[in-house]
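Protein chains: 2
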Amino acid sequence: MMNLFKSLLLHIIFFLSSSSSSSINNTGSTAIQFRNISEIPQNSHGIAGYSHITLAGSFAHGMKEVEVWLETFAPGSHTPIHRHSCEEVFIILKGTATLFLASNSHPSHFPGNPHQIPVFQNSTFIVPVNHPHQLWNTHEHEDLQFLAIISRPPVKVFIYDDWFMPHTEAKLKFPIFWDEGFVQPNTSKDHHDHNDDL
Amino acid sequence: MMNLFKSLLLHIIFFLSSSSSSSINNTGSTAIQFRNISEIPQNSHGIAGYSHITLAGSFAHGMKEVEVWLETFAPGSHTPIHRHSCEEVFIILKGTATLFLASNSHPSHFPGNPHQIPVFQNSTFIVPVNHPHQLWNTHEHEDLQFLAIISRPPVKVFIYDDWFMPHTEAKLKFPIFWDEGFVQPNTSKDHHDHNDDL
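Those sequence lines, one after another, are chains A and B.
Here the first sequence stands for residues 97 to 294, numbered as in this note's numbering.
Here the second sequence stands for residues 97 to 294, numbered as in this note's numbering.
Please keep in mind that the hints were generated in silico from the structure rather than gathered at the bench.
By construction, the Cβ of each residue, glycine as well, lies at the ideal position given by its N, Cα and C atoms.
It is possible that some hints are incorrect.
To be verified - Covered stretches of chain A (chain B as the covering partner; in silico rule of three or more C-beta atoms under 8 Å from a C-beta of chain B):
{"id": "1", "region": "130-141"}
{"id": "2", "region": "153-160"}
{"id": "3", "region": "175-185"}
{"id": "4", "region": "210-223"}
{"id": "5", "region": "267-273"}
Claimed, not checked - Each computed EDC-like pair below joins lysine to aspartate or glutamate, with the alpha-carbon atoms no more than 20 Å apart:
{"id": "6", "chain 1": "A", "residue 1": "K252", "chain 2": "A", "residue 2": "E167"}
{"id": "7", "chain 1": "A", "residue 1": "K252", "chain 2": "B", "residue 2": "E161"}
{"id": "8", "chain 1": "B", "residue 1": "K160", "chain 2": "A", "residue 2": "E161"}
{"id": "9", "chain 1": "B", "residue 1": "K252", "chain 2": "B", "residue 2": "E161"}
{"id": "10", "chain 1": "B", "residue 1": "K252", "chain 2": "A", "residue 2": "E161"}
{"id": "11", "chain 1": "A", "residue 1": "K252", "chain 2": "A", "residue 2": "E161"}
{"id": "12", "chain 1": "A", "residue 1": "K160", "chain 2": "B", "residue 2": "E161"}
{"id": "13", "chain 1": "A", "residue 1": "K252", "chain 2": "A", "residue 2": "E265"}
{"id": "14", "chain 1": "B", "residue 1": "K252", "chain 2": "B", "residue 2": "E276"}
{"id": "15", "chain 1": "B", "residue 1": "K252", "chain 2": "B", "residue 2": "E265"}
{"id": "16", "chain 1": "A", "residue 1": "K269", "chain 2": "A", "residue 2": "D257"}
{"id": "17", "chain 1": "B", "residue 1": "K269", "chain 2": "B", "residue 2": "D258"}
Kindly generate the complete structure, drawing on both the sequences and the hints.
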C-alpha cells in the first residue's frame with residue numbers, strides 16, 4: 097500500500113508537470129461531466145484562507161444522491177461548527193487537522209465540549225448524521241486539503257456560534273456558500289429554521 | 097491549483113515515509129471510524145491484477161447513503177461491463193484508462209457500441225444512473241488507481257457478458273465481491289434477477 101501510494105504520487109507530479117488540456121462535457125446523449133481537476137478554478141467564496149471545488153454537485157452537475165468537494169484550508173483556518181442531516185465521509189489528502197466532534201444526543205440540548213481527534217494525510221473518517229463537528233487546520237505552515245463526500249445534496253448546514261449554543265439556535269445556511277451562484281437571490285440569504293431535522 | 101497539488105503530493109510522500117500507526121474506532125459514544133488508509137489491507141477478492149479497499153461501506157461501516165471505494169487495477173485489467181441504479185463519481189488518482197460507456201436508452205434493449213472516453217490522473221467524471229460502463233487500465237506499465245463513490249449502498253451490480261447482451265439478461269452480482277464476507281453464505285451466490293430496476 098505504501099509503495100503504491102508513493103508511486104501514485106510521483107506519477108501525479110509528473111503528470112501535473114506535463115499534462116495538456118482536455119475536456120469532454122458530453123458523449124453523444126450521455127453526459128459524464130468529465131473534468132481535469134487541475135483545470136477547475138478554485139473559489140474562496142470570500143473566506144480568507146479557504147478554497148473550494150465542487151467535483152460533483154447537486155446545483156453544479158445535477159447530482160441527486162451524492163456530492164463531492166475538494167476543500168483547502170490555510171494554516172489556522174477552519175470550518176464553522178456545524179451539523180447536517182446527511183452522511184459525510186472525509187479523505188485527508190494533505191496536512192494535519194483536529195476534528196472536533198460532538199454527539200447529537202447530548203442531554204443538555206447543545207453540543208457541549210467536543211471530542212478532539214487528530215487526523216492526518218491519507219486518513220479517512222465518517223462523521224455521523226447530525227453530529228456537530230468542526231475541522232481545524234492545526235499545522236503551522238502546511239495547507240489542509242481533503243475530499244468531503246456527502247449524501248442527500250444539496251447540503252443544508254446548521255451553523256453554531258460555539259459548542260454551547262442550543263441545537264435549536266443553530267442557523268441554517270442554505271444554500272451553502274459555493275451554491276449561492278446557482279439559485280435565485282431571494283433564496284440565498286441566511287435565515288433561521290425550525291431545526292426540525294435534528 | 098497545480099502548485100497546490102504538487103505541494104500536496106510531496107508532503108504525502110514525506111508523510112508516508114515517516115508516519116507511525118494510529119487508529120481510533122470510537123470517541124466515547126461517537127463512532128467516526130477513523131482509519132489510516134496506508135494501514136488498511138487491500139484485497140484482490142481472487143481477481144488477478146485487482147485490489148480493493150472500502151473506505152466507507154454499507155456492510156463494513158454501517159453507511160446508509162454513500163459508499164466510497166479505493167480501487168487499483170494492474171495494466172490491462174478492467175472492471176466488468178456493468179450497470180447499477182445509483183449515482184457514481186470517479187476520481188482518478190493514478191494511471192490512465194479508457195471509460196467505455198453506453199446509454200441506458202439504446203433503442204435495441206442492449207447497450208450497443210459504447211462511447212470510449214480517455215481518462216487520466218487527476219480527472220473526475222460522473223457515470224449516470226443505470227448506464228452500462230466499463231473501465232480499462234490502458235497503460236502498458238502503470239497501475240490504475242481511483243476513488244469510486246456511489247449512492248444507495250449496498251450496490252446491486254448487473255454484469256453484462258458483452259455490449260450486445262440484452263439489459264434484461266445482465267446478471268445481478270449481489271453482494272458484490274468485497275461484501276461477500278459480511279453476509280450469510282446462502283445469499284452470496286450470483287443469481288439472475290428480474291432486472292426491474294433499469
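Verification of the supplied hints:
Under a criterion of three residues with beta carbons nearer than 8 Å to beta carbons of chain B, the stated coverage of the region 130-141 of chain A is upheld, 9 such residues being counted. For the region 153-160 of chain A, the assignment as covered by chain B holds, since 3 residues bring a beta-carbon within under 8 Å of that chain's beta-carbons and 3 suffice. Interface restraint, the region 175-185 of chain A with chain B: holds (3 residues with C-beta to C-beta distance below 8 Å; minimum three). Using a Cβ-Cβ cut-off of 8 Å, 12 residues of the region 210-223 of chain A lie near chain B, which meets the minimum of three, so the contact claim holds.
A count of 0 residues in the region 267-273 of chain A with a Cβ less than 8 Å from any Cβ of chain B is obtained; the coverage claim is therefore unmet, three being the minimum. For the given pair, K252(A) sits about 17 Å from E167(A) by alpha-carbon distance, which is consistent with the 20 Å threshold. Distance restraint check for K252(A) and E161(B): the Cα-Cα separation of roughly 16 Å lies within the 20 Å cut-off, and the hinted pair is therefore satisfied. Of the supplied pair hints, the one linking K160(B) and E161(A) holds, its CA atoms being roughly 12 Å apart against a limit of 20 Å.
This hinted pair checks out: K252(B) and E161(B) have alpha carbons roughly 14 Å apart, not beyond 20 Å. Taking the CA atoms of K252(B) and E161(A), the gap is about 16 Å. The hint holds against a cut of 20 Å. Distance check on the hinted pair: K252(A) and E161(A) sit about 14 Å apart at the alpha-carbon level, within 20 Å; holds. Distance hint between K160(A) and E161(B) is fulfilled; the C-alpha atoms sit about 12 Å from each other, no more than 20 Å.
For the hint pairing K252(A) with E265(A), the CA-to-CA distance comes to about 15 Å; that is within 20 Å, so the pair holds. Proximity of K252(B) to E276(B) is assessed by CA-CA distance (about 12 Å); at most 20 Å being required, the pair is judged to hold. Distance hint between K252(B) and E265(B) is fulfilled; the C-alpha atoms sit about 15 Å from each other, no more than 20 Å. For the given pair, K269(A) sits about 13 Å from D257(A) by alpha-carbon distance, which is consistent with the 20 Å threshold.
For a cut-off of 20 Å, the pair hint linking K269(B) to D258(B) stands: about 16 Å separates their Cα positions.
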